[in-house]
Amino acid sequence: MSDDQDRKDQEQREAYEKMLQRVTESLEQAGGEARPRLRQALDWAKQKAVEFEELTAEEAERISEYLRRDVEDAARFLDRDNDQDLRGWFRMDMQLLGNWLFDRFSTIADRTRLEWLELNRQWDEAALYHTGEMTGPGELRCLSCSKTMHFERAGHIPPCPSCRATRFERVTD
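Every position in the sequence shown, counted from 1, becomes a number in my numbering once 188 is added.
The hints are simulated quantities; they were obtained by calculation from the structure and are not laboratory data. This one's a predicted model, so the numbers in the text were calculated from it and none came from an experiment. A hint or two may mislead.
[As the list claims (entries may be wrong)] The calculated DSS-like cross-link candidates involving lysine-lysine, where the alpha carbons are at most 25 Å apart (straight line), are:
1) 206 <-> 196
2) 236 <-> 196
3) 236 <-> 206
[Said to hold, decoys possible] Here are the in silico distance ranges between beta carbons for each label pair:
4) 351 <-> 228: 15 to 21 Å
5) 228 <-> 334: 33 to 39 Å
6) 190 <-> 217: 22 to 28 Å
7) 242 <-> 352: 15 to 21 Å
8) 347 <-> 239: 17 to 23 Å
9) 242 <-> 341: 16 to 22 Å
C-beta: ideal position from N, C-alpha, C; glycine also.
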């Protein structure tokens, strides 16, 4: 991978994590009364990234969609098993993940889960992940050969190292 591509990947990882921080802050500032929905918080975080010239509008849109997908997937995981926290979704040592990222995902995923319970949303299938998209920490399984890929932090999803397929699902306990 070239130095330019490494730098671009690093910038996008940082943008993903910064957007996660902004979404968390937006949800926390609203408190229990006028709690914004995840989509509103993502729109605000996306707008700030463009306003501060951290990302182009297109990049902010793409990263906010990756973040939305990851948070909604984590919330579905919490909804399936109320006795679990996100350790099962991340499928990794929490010391590697770090408290900051775990706290952010937990806060947002729990609020999102509550929104879903209010709406009685039923999900028929797990979210799909595709090569080239970004994902948060955790494990993805290739839908073609079942090989798993482990992500310790946000990053771009490469083709499957075994079969070069481009579609994945999140692995949860």
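Does the Cβ pair residue 242, residue 352 satisfy 15 to 21 Å?
33 Å, violated
Consistency of beta-carbon spacing, residue 239 to residue 347, with hint 17 to 23 Å:
35 Å, violated
Taking only the CA atoms, is the gap from residue 236 to residue 196 under or equal to 25 Å?
19 Å, holds
Measure nothing beyond the straight line between the CA atoms of residue 236 and residue 206; if it is 25 Å or shorter, mark the hint as holding.
10 Å, holds
Agreement of residue 206 and residue 196 with the hint, judged by alpha carbon distance not exceeding 25 Å:
With a Cα-Cα distance of about 15 Å, the restraint between residue 206 and residue 196 holds, given a limit of 25 Å.
Starting from the hint 22 to 28 Å, judge whether the C-beta atoms of residue 190 and residue 217 obey it.
At 40 Å between Cβs, range violated.
Should the hint that residue 351 and residue 228 are 15 to 21 Å apart at their CB atoms be regarded as holding?
39 Å, violated
Could you check the hint for me, namely that residue 228 and residue 334 are 33 to 39 Å apart, CB to CB?
37 Å, holds
Tell me if the beta carbons of residue 242 and residue 341 are separated by a distance inside 16 to 22 Å.
18 Å, holds
Hint compliance for this structure: hints 4, 6, 7, 8 are not met, and every other hint is.
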